[in-house]
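Taken in sequence, the protein lines are chains A and B. Numbered according to the numbering used here, the first sequence spans residues 1 to 378. Numbered according to the numbering used here, the second sequence spans residues 1001 to 1231.
Derived by calculation from the structure, the hints in this document are not laboratory data. Certain hints may be false.
Unchecked claim - Computed cross-link-like contacts, BS3-like style, restricted to lysine-lysine with a CA-CA straight-line distance of at most 27 Å:
| hint | chain 1 | residue 1 | chain 2 | residue 2 |
| --- | --- | --- | --- | --- |
| 1 | A | K3 | A | K16 |
| 2 | A | K201 | A | K326 |
| 3 | A | K102 | B | K1052 |
| 4 | B | K1052 | A | K110 |
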Amino acid sequence: MLKLEQLSKVYRGGKKAVDDLNIEVEKGEFIAFIGTSGSGKTTALRMINRMIEPTSGTITLNGENLMKKNPVALRRSIGYVIQQIGLMPHMTIRDNITLVPKLLKWSKDKKDQTAETLIDLVDLPRSYLDMYPAQLSGGQQQRIGVLRALAANQDIILMDEPFGALDPITRDTLQDLMKDLQQRLGKTVIFVTHDMDEAIKLADRICIMHNGQMVQFDTPDNILAAPANDFVREFIGSHRLIQNKPSAKLVDDVMIKPITISMEKSIDDAILTMVKRRVDTLFVVDGKEHLRGMITVEAITTNRNSTDTVSDVMTTDISAVHTGTKLQDTVRRILRRNLNNIPVIDEERHLVGLVTRANIVDIVYDTIWGDEETEKAE
Amino acid sequence: MADMNTFEQFIYYLSENGSYVLILFLQHFLTSIYGVLLAAIVGIPIGVVVAKYGKLAGPIITIANIIQTIPALALLAILMLGMGLGRPTVIVAVFLYALLPIIKNTYTGITNINNDLIDAGKGMGMTRSQVLYMIELPLSLSVIIGGLRIALVVAIGVVAIGAFIGAGGLGDIIIRGTNATNGTAIILAGAIPTALMAVIADIVLSFIERRLDPVKRHKKVATPEVQSLEN
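With the hints as constraints, model all of the structure from the sequences given.
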């Protein structure tokens, strides 16, 4: 879909920022450019929307040579998210989100509708549309920054270290959100970062750059399994290489069957189920086994008198992982977000399993003593 | 009139010549406004150009600075040699004095805008003029108004001196007072409205300036209840 061929950028004075870069990106792929500072990753990214003009080489998008296209029209068709967020302080959130549609002269109704649809995607209330960027926190601002890049239905989104300036917890949430949006909307994302964890977590393929040249371009698993040279090995770090030994498991291997309750049941039913099954958390599902929310014993005790059905007291804001996710990512998320458990869902949001802290203890136990026991048994 | 104290004389003068003072007040004000408007029409575009092409900034601001250092009476005298007596000469003098604050503030306003905003704007596909009209001018508006405020206050002072070369305005009354015996009350009748005009112009424009500041404007409306929604 997007093809960079022999792309080079030589600055005055002969410094080669990008040297003979050849990359082909498929539609719907999440690509990360990673490298140390000065490796040319940002320059490479900015040549795609011609914020920097290449010295030589061509970029083609669906067969069309971008070098021949009007740069202004090109940029309106490519989403762009920067580290510094760059929301316009004098415009409301609504105007910020619909900035590109405004440049494309969409009607007011269409713009308003777009703004409302988009803000729902990132779990911010619609009342935020009429606020100004200064009233939002950094994480919320960058969510708007991401939405702005989606507003005109751009197929490709360029992101220049978008989450680099955020605190670790917010960054983690936004990474999940971005990955989810990218998969749900089928966008092609090209992402610059210097954080290997971020690249491994998000990218379908990683392009490692060093001194303007591409050192390795492959899937995270392949890079971790077979680093191209010592630079890559050093860059990704030995601890990650070990992590990715064949022992790596998927959530599917360890998840247990969650205790569920349907939405219309009463709170008394929920308590009975909890007592009977000896758990403190129930997952709320609808008739088709779609995950709708969860209900904890704390929520019940605080809401006991005011409401009576499960759907009234359940929390809908839950962090879930998809089937096929690596266990190490899941464990990291549980630890970092301080969750007690994390539900596993499939593509259609059917609840299929649950990973709890007890599972983690089992895994740790297995890795430390598991081998000994099998030896003894022999 | 001899049995009245200065204040009573001042009130008496105003009550007898109220409409005359008012006419001169308006004339004075309009002369200042004309000069400043002219300077704004020329100075704001110059400021924008200078901000875009950094190389021009040094020479142009230096020239404007030099004009600023010439004493008002001297500048009026020089202009009078070329243009003769009358109001147009004073308007030109006001124009020259107003240029520096207007150019300088426009330049500062635009160059102080965070580069990331310009980068984001261009990256989303704004043309150069859209960057100017949608980002740079709105964001530097309050600083530009600040320049106009300084220019207008200076202009009101220059026009008062302009009465010496026949520009009219409240300066006329002041000069008449200085020529009359015991003319303190007449001087006050010219000086106090002039001072008031300058102070009011300053207050009104600084109010507008603050209202247009994009950062300060929204501080007060921040709603605390939304904080809880952040993860």
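Violated hints - listed by number, lowest first: 4
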